[in-house]
Amino acid sequence: MNDQVVFITGATSGFGAASARRYAKAGATLVLLARRMDRLTTLQEELETPVHVLNVDVRDRDAVYDGVRSLPAPFDEIDVLINNAGLALGLDKVQDADIEDWEVMIDTNIKGLLYATHAVLPGMVARRHGHIVNLGSVAGTYAYPGGNIYGATKAFVNFFSLQLRADLLGKGIRATSLEPGLCETDFSETRFKGDSERAAAVYENSGALPAEDIAELIFWITSLPNRININRLEVMPLTQSFAPLSIHRED
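The opening residue of the sequence shown carries number 1 in the numbering used here; numbering runs sequentially from there.
Just so you know, these hints were derived from the structure itself, not from any lab. Possibly wrong hints are sitting among the right ones.
Derived DMTMM-like pairs (lysine to aspartate or glutamate); straight-line CA-CA distance at most 25 Å [as the list claims (entries may be wrong)]:
#1 Lys111 to Glu234
#2 Lys93 to Asp195
#3 Lys171 to Glu48
#4 Lys111 to Glu197
#5 Lys111 to Asp57
#6 Lys171 to Asp60
#7 Lys25 to Asp92
#8 Lys25 to Asp62
#9 Lys171 to Asp76
#10 Lys25 to Asp38
#11 Lys111 to Asp66
#12 Lys111 to Asp98
#13 Lys25 to Glu48
#14 Lys111 to Glu46
#15 Lys111 to Glu48
#16 Lys111 to Glu100
#17 Lys25 to Asp213
#18 Lys25 to Asp76
#19 Lys93 to Glu250
#20 Lys193 to Asp76
#21 Lys111 to Glu77
#22 Lys25 to Glu216
#23 Lys25 to Glu100
#24 Lys93 to Glu216
#25 Lys93 to Asp107
#26 Lys111 to Asp167
#27 Lys111 to Asp79
#28 Lys193 to Asp79
#29 Lys25 to Glu45
#30 Lys193 to Asp57
#31 Lys93 to Asp213
#32 Lys193 to Asp60
#33 Lys171 to Asp186
#34 Lys93 to Asp167
#35 Lys25 to Glu250
#36 Lys171 to Glu197
#37 Lys193 to Glu45
Computed spacing ranges between beta-carbons, pair by pair [as the list claims (entries may be wrong)]:
#38 Val125 to Ala73: 16 to 22 Å
#39 Val202 to Phe159: 25 to 31 Å
#40 Phe159 to Asn2: 31 to 37 Å
All C-beta atoms in this analysis are idealised placements derived from N, C-alpha and C, irrespective of residue type, glycine included.
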């Protein structure tokens, strides 16, 4: 990885920050994109590898494209794009949900991922080399109460990754959907809008995976020989399962 340029969105927390540290350990050159400049600066100072930061919200289409176009050499020849930026907001049923929360999730999880992919991909195609890893979720496969729009956005991510494979056949570019289950990050605190007590309860005695486990999987996926493409990889902690299917029983 010491000759690879790795671009990570949502780079200052969760899987993004853990991935930045894992790739930096391997000597990769990093482009880190995130909304919070203070965290970007702190992470950049921590990592002992070349790092270029982009203080950009993935929902801002023009800023994403301008940021990619502005990359100086050698950061402009991106080998790996990790579309990590994403979030869940709320756990209300569809009939009770806040439509603004839906729009933020759609704009971030779907449109932001598309902007980053569309901005970076032409360079990969021109060089006939690259790997795009999209952070999906088991929520995009298995529905749960209150997961409605978040799950729908991740279903989009999971399937869009397969569409990338179809369109990129013969271009020398790999595409992967990595779909984690329960992981202990700031995900739930974001979902519950800063309610740390409620967020902590999600992970209590759960055996949830740490962000570093997912970063290790991302690193492994992208370190495989170029002849191998992992189309989809679903991962859960041993303590989690998609079964049993729930049943409402009338009294």
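Hint by hint, here is what the structure shows:
{"no.": "1", "hint": "Lys111 to Glu234", "verdict": "holds, 23 Å"}
{"no.": "2", "hint": "Lys93 to Asp195", "verdict": "holds, 19 Å"}
{"no.": "3", "hint": "Lys171 to Glu48", "verdict": "violated, 33 Å"}
{"no.": "4", "hint": "Lys111 to Glu197", "verdict": "violated, 31 Å"}
{"no.": "5", "hint": "Lys111 to Asp57", "verdict": "holds, 11 Å"}
{"no.": "6", "hint": "Lys171 to Asp60", "verdict": "violated, 28 Å"}
{"no.": "7", "hint": "Lys25 to Asp92", "verdict": "violated, 40 Å"}
{"no.": "8", "hint": "Lys25 to Asp62", "verdict": "violated, 32 Å"}
{"no.": "9", "hint": "Lys171 to Asp76", "verdict": "holds, 19 Å"}
{"no.": "10", "hint": "Lys25 to Asp38", "verdict": "holds, 22 Å"}
{"no.": "11", "hint": "Lys111 to Asp66", "verdict": "holds, 16 Å"}
{"no.": "12", "hint": "Lys111 to Asp98", "verdict": "holds, 19 Å"}
{"no.": "13", "hint": "Lys25 to Glu48", "verdict": "holds, 8 Å"}
{"no.": "14", "hint": "Lys111 to Glu46", "verdict": "violated, 30 Å"}
{"no.": "15", "hint": "Lys111 to Glu48", "verdict": "violated, 32 Å"}
{"no.": "16", "hint": "Lys111 to Glu100", "verdict": "holds, 15 Å"}
{"no.": "17", "hint": "Lys25 to Asp213", "verdict": "holds, 15 Å"}
{"no.": "18", "hint": "Lys25 to Asp76", "verdict": "holds, 21 Å"}
{"no.": "19", "hint": "Lys93 to Glu250", "verdict": "holds, 20 Å"}
{"no.": "20", "hint": "Lys193 to Asp76", "verdict": "violated, 35 Å"}
{"no.": "21", "hint": "Lys111 to Glu77", "verdict": "holds, 23 Å"}
{"no.": "22", "hint": "Lys25 to Glu216", "verdict": "holds, 11 Å"}
{"no.": "23", "hint": "Lys25 to Glu100", "verdict": "violated, 39 Å"}
{"no.": "24", "hint": "Lys93 to Glu216", "verdict": "violated, 34 Å"}
{"no.": "25", "hint": "Lys93 to Asp107", "verdict": "holds, 20 Å"}
{"no.": "26", "hint": "Lys111 to Asp167", "verdict": "holds, 19 Å"}
{"no.": "27", "hint": "Lys111 to Asp79", "verdict": "holds, 22 Å"}
{"no.": "28", "hint": "Lys193 to Asp79", "verdict": "violated, 35 Å"}
{"no.": "29", "hint": "Lys25 to Glu45", "verdict": "holds, 14 Å"}
{"no.": "30", "hint": "Lys193 to Asp57", "verdict": "holds, 18 Å"}
{"no.": "31", "hint": "Lys93 to Asp213", "verdict": "violated, 31 Å"}
{"no.": "32", "hint": "Lys193 to Asp60", "verdict": "holds, 22 Å"}
{"no.": "33", "hint": "Lys171 to Asp186", "verdict": "violated, 36 Å"}
{"no.": "34", "hint": "Lys93 to Asp167", "verdict": "violated, 36 Å"}
{"no.": "35", "hint": "Lys25 to Glu250", "verdict": "violated, 56 Å"}
{"no.": "36", "hint": "Lys171 to Glu197", "verdict": "violated, 48 Å"}
{"no.": "37", "hint": "Lys193 to Glu45", "verdict": "violated, 28 Å"}
{"no.": "38", "hint": "Val125 to Ala73: 16 to 22 Å", "verdict": "holds, 19 Å"}
{"no.": "39", "hint": "Val202 to Phe159: 25 to 31 Å", "verdict": "holds, 27 Å"}
{"no.": "40", "hint": "Phe159 to Asn2: 31 to 37 Å", "verdict": "holds, 34 Å"}
Hints 3, 4, 6, 7, 8, 14, 15, 20, 23, 24, 28, 31, 33, 34, 35, 36 and 37, counting from the list given before, are not met by this structure.
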